[in-house]
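*Asks:* From the two separate chains plus the hints, produce the assembled complex.
As they're listed, the protein sequences go chains V and A.
FYI, our numbering numbers position 271 of the first sequence as 271, with every residue one higher than the one before it.
FYI, our numbering numbers position 101 of the second sequence as 1101, with every residue one higher than the one before it.
These are calculated hints, taken from the structure and not from any lab test.
A portion of the hints provided could be inaccurate.
[What the hints assert, rightly or not] With beta-carbon atoms standing in for the labels, derived distance ranges:
1) V/Val-219 to A/Tyr-1068: 29 to 37 Å
2) A/Ala-1019 to V/Arg-28: 32 to 40 Å
3) V/Ala-15 to A/Ala-1069: 46 to 54 Å
4) A/His-1023 to V/Gly-32: 53 to 61 Å
5) V/Ala-312 to A/Ser-1066: 46 to 54 Å
[Claimed, not checked] Distance condition first, Cα-Cα at most 25 Å in a straight line; then the derived SDA-like pairs of lysine to any residue:
6) A/Lys-1018 to A/Ile-1063
7) A/Lys-1043 to V/Ala-308
8) V/Lys-34 to A/Arg-1061
9) A/Lys-1043 to V/Gly-160
10) A/Lys-1043 to V/Lys-230
11) V/Lys-230 to A/Arg-1061
12) V/Lys-106 to A/Glu-1102
If you're wondering where the values come from, they're calculated on a predicted model, not measured in any experiment.
Quick reminder that beta carbons are idealized off the backbone N, C-alpha and C, glycines included.
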Amino acid sequence: MYGTTTFTHVTDPLAGEDPAKLAEFEARIGRGEKIEPQDWMPREYRRQLIRMIEQHAHSEIMGALPEGKWIPHAPGFRRKLALVAKVQDEVGHAQLLYRAAETLGKSREQMIDDLLSGKSKYSNVFNYPTPTWADTAVIAWLIDAGAIINQNTNAQGSYGPYCRALKRICYEESFHLKYGYDSVVTLAAGTARQRAMLQDALNRWWRPIMHFHGPPDKVSAHTEILMRWKVKIKSNDAMRQEFLDQYVPKIWALGLSVPDPALRKDPATGLWEYSDPDWDEFKRVINGDGPCNRERLAVRRLAHEDGAWVRAALSRPA
Amino acid sequence: MTTPADTQWELYEVFHQKARGEHHVHVGAVHASSPAMALVLAKEQYARRLACVNLWVVRARDITASDYADADMFEHATDKSYREAFGYRVVKKVRGIEARGEHEAES
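Isolated chain A, as found in the complex (with noise of 0.2 Å):
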């Protein structure tokens, strides 16, 4: 007997939420001929034992991505430690301040 040709159901991309509040967090991926049955699938493979509250599955082929060659587009031209809290000294100033004051009150 030959093996039947299986089709090679389309791809679905899985996010499990494990509390209401939280961030959708990608998990892998399930075979899938329609998006209901990718969620009955995702929930027995990605649900099968920590807390879940909430599953998406999205088709593959619907997700538009960055390529990693393109990294270089997350650089920044110019220093932008303006945007930083890192980027704003205010305890040193503050400090000087301080120290002028008490030099002003001991004189």
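Chain V with its partners taken away, still in its complex shape (with noise of 0.2 Å):
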């Protein structure tokens, strides 16, 4: 699972690069060719997917989190068992997107060190709580199927080990999907207190889903050359249209609101419309000051020095 990146804005992404290898590299992509590790590439391409392809593994691991607290507690062998696969198939996702940004030339361990730092970041939903059993089945229903939207939409990009690595995860994101509708379902049908704790549980994710996809792009030049890059395939919004087309009437047909009295298709325009999710809180929350952002960073970092021994054992192979 994954949210949008925001790209950060710089005054020339293009300077002192070679023409006639840019006009090749991009008639490459053009041709709808995959880019591959040792073949030529802008260093504003470089750096745009290292970004990416690293928050997007930091997401990975993170978002392990919210959904591994409930373990002990899963109601039942079986969601224990469905629930412990998913966990693990997240830091699995983590380990494929590493190994891929790794492929542009920076380490895993600068990586991981850069996200325990807080330099880098990783998808915002994550460093919201998880207070109740239906708060794992609405992120396992909603968010990822935002992830699959988003995934499925960076796999026609252009770098190949990306690309990948992304069809790996959307296959096993499938599975995660299905558990987590399964999961939902089975609390809408259940008794009106299982129904008020999935409403509430709804209620609560509801902001994070819509900033889910990131905040709208500003149109610029910028954006443009990551457009015809294909690093960036779709908008923010077109993205966030997408889910909302698919999932709304989902929701609604399980007797759920949805909470927002503006959230209504527009039948003119084929478009959602929608209040204002409060891009401000996004992006406080963004710089660390989410609700459990310093408790996500602390229990990754435990889990990280509590493993030295075992990495330090590996490391030295009988």
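*Replies:* Printed below as a string of structure tokens:
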């Protein structure tokens, strides 16, 4: 699972690049060919991809935390097994993605260090708490649904190793989505208390879900270059529309309500309208001031430090 | 407390075989401190779900690869259609013979 990154603006991303090589690179992408690690690429392409794939990898291991917390409390053995499998998948996805990012020249250790020091970001949604079992169900269904839309989109990108990793990831995410949907439907079909717990969780998660695909993209020459290079494939708003189109009807079909009175599909434009999801809150949380940022990083750091002896022992195989 | 410095373990490319008789297919890579450990990690990472009967792990540094920049070495200098099935228009020739045969039978 993963949320869309935002791209920083630089003054001239193409300064100092060889025009002939650049033209050849762009022609290759234009023909739909993938770029491989050993190929020439503009510095800005490399920089943005490292940033994006690294952030995606961090989101996978950090995303394991809010759900992992519920493994000991899962209602029933089958759900416990499924949740263990899902969390294992998320960590595996991080591995695949760190590997893809490494091919661009940043080591896995550097990336982990940057995560722990707070220099690198991860998806905002994982800085929110999961107080009930229904929260994990909502994450597994709707956050993973958002992630699948995002990842299927990015799988059409131009960087070969990232696309190949995403294909494997999307295949596994389809289980997460189905498992999450099953968990939500079970609660929706349950007792009045279970339905209320589910509705409360959806109310808590709706805003982070609306934040998931990132703020509306600024129209800039820079965004245009990233689109041309197929680093970015669709705008954040386009992905959010896709998500709403696919999932709001399914949410309503379960008798749940979405906590946004302005949410409706405009029959004339075919686009969803919604209230402003408070992008200031989004920025606040990204910059470290969310309800769980400190807790999540502390747990990650503890796991990393506690695991040091295992890595040291494994470094000296018999 | 400072984070202990890790060592970046060696890279192993992973090849997965889904059934006996099939090719081993490259699926990705793992970092490991020994080939045996690479196999364990490869199983966890690449054989969690789909059928697998055999895995190969190969030290990435042991792979010698051609360069994409040299892709023109795979271009053919001359027409090599004689190597291909489509290079032979046999049916057309047979039709010619058949047409002649019919003509002779009629006369």
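*Asks:* Indicate, hint by hint, whether the structure satisfies it.
*Replies:* Cross-check of the supplied hints:
no., hint, in the structure
1, V/Val-219 to A/Tyr-1068: 29 to 37 Å, "holds (34 Å)"
2, A/Ala-1019 to V/Arg-28: 32 to 40 Å, "holds (35 Å)"
3, V/Ala-15 to A/Ala-1069: 46 to 54 Å, "violated (25 Å)"
4, A/His-1023 to V/Gly-32: 53 to 61 Å, "violated (25 Å)"
5, V/Ala-312 to A/Ser-1066: 46 to 54 Å, "violated (38 Å)"
6, A/Lys-1018 to A/Ile-1063, "holds (22 Å)"
7, A/Lys-1043 to V/Ala-308, "holds (22 Å)"
8, V/Lys-34 to A/Arg-1061, "holds (23 Å)"
9, A/Lys-1043 to V/Gly-160, "holds (23 Å)"
10, A/Lys-1043 to V/Lys-230, "violated (32 Å)"
11, V/Lys-230 to A/Arg-1061, "violated (30 Å)"
12, V/Lys-106 to A/Glu-1102, "violated (74 Å)"
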